[in-house]
Amino acid sequence: MKTYLKESIIIVLVSILFATIRYYFIKDDFDIIKKNKIADRINDFDKMDYSSLESFIKNISQPTFIDLSYATQIHNLNLATFIDARDVDSYTEGHIKGAINLPYESIESIEKKYDLIWMNELGESYIYNIEDSDVKFAIGINNNQKFIKNLDNINSDLKEYETIFVIYCSGEGCSLSEDLAFYMSESLGFDKILIYEGGMPEWLNNGLPVE
Amino acid sequence: MKKLLEHSNTILILRAVLGIMFIYASIDKITDPLTFSNAIDNYHITPIAINNLAALLIPFIELVVGICLIFGIFIDGAIFIVIILLIWFIFIISQALYRGIDLHCGCFDLSDKAINDANIKLEMIKRIIEDFVFLIIAFLIKNKKKS
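If you're matching them up, the sequences are chains S and Y in order. For the first sequence, the numbering used here begins at 56 and goes up steadily by one. For the second sequence, the numbering used here begins at -5 and goes up steadily by one.
Only chain S is shown next, with the shape it has when bound in the complex:
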């Protein structure tokens, strides 16, 4: 092999060695495969009681990824509304207990039909009952708070958890939850959005409540 090639390979190998050593000093904060900057990742297991979770949620300003332990606790404590971003059939087969179905694939047509972007931009209080081929939920604004409610609850007072959302789909490799999270955040102006990456498969694997 030509000298310059041999030498280049040695230089690169030595660099890889140094880089590997360097990696071990920073690996807690450094993903080898970089995730999109768009959503933050939270992975610390320290603060899981009600008030810490509550303040964690209050402090998020953009769609944030959460893991199983956060999702479980939030579900237990009923701190958020879970949203299933998958299609109606998948939702019907089984979904996280209490979750509302909002298929990402349908959101744009629903938005067009009800002019939701405009309504949310306007900011005035409103409530729409959306019933669109098996997709059923209520959406609106109440006292400047944007909410999504289960249709069963339309007559009750607005609860905190109806303004905070955990969106999921079919786990790793499924981008519906992230896409929906974004859409809700950027186009519809929702600000308390969590993305549960593990999705349905992880939830089921851990024997957590479904219906």
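Mixed in with the good hints, there may be bad ones.
The following residues of chain Y were derived to be distant from chain S, with all beta-carbon distances above 10 Å [to be verified]: (1) I7; (2) G13; (3) I24; (4) S31; (5) L51; (6) L57; (7) C62; (8) I84; (9) D96; (10) A112; (11) K115; (12) K120; (13) E124; (14) L134; (15) K138.
To spell it out: a stretch of chain S is covered by chain Y in this simulated footprint if at least three of its residues, at any positions, have a beta carbon under 8 Å from a beta carbon of chain Y; those stretches are [claimed, not checked]: (16) 182 to 192; (17) 240 to 249.
Since the hints were derived computationally from the structure, they do not count as laboratory data. Being a predicted model, the structure only gives us computed values, none of them experimental. A virtual CB, placed ideally from N, CA and C, is assigned to each residue, including glycine.
Given chain S, put chain Y in place with the hints provided.
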């Protein structure tokens, strides 16, 4: 004879200049790979997924190559890598300039109008020229080494 000596001294100086430049450039990136990784994102030319890996590895390549140049070891390989790196850097800055990307924020909003934009563009052109100069130096070292 004098000319030969002169030449070999010039080569030493050129190698030292190039070597020191690469080592100096690598230090901030080695101490703070995350910031460097975010800077790479701003070029919008590589998939975000690999930018952490690149930010981790490239500075060390620069460091090792700089050391090689200064101490005169593995010069053939080092110069080969230097040339590839510089061509790559020239390419990515040029494409950012062409696409109107402001490298400070990674946003696509460099218009031909505002004075601010002219400064940013000038900065990018300056970097391209610098890299071309280093590229010429690298080729000088490469060719002199042959003789």
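For this structure, which hints from the list above don't hold up? Numbers 3, 4, 5, 6, 7, 16, 17 - these are the hints that the structure violates, sorted from lowest upward.
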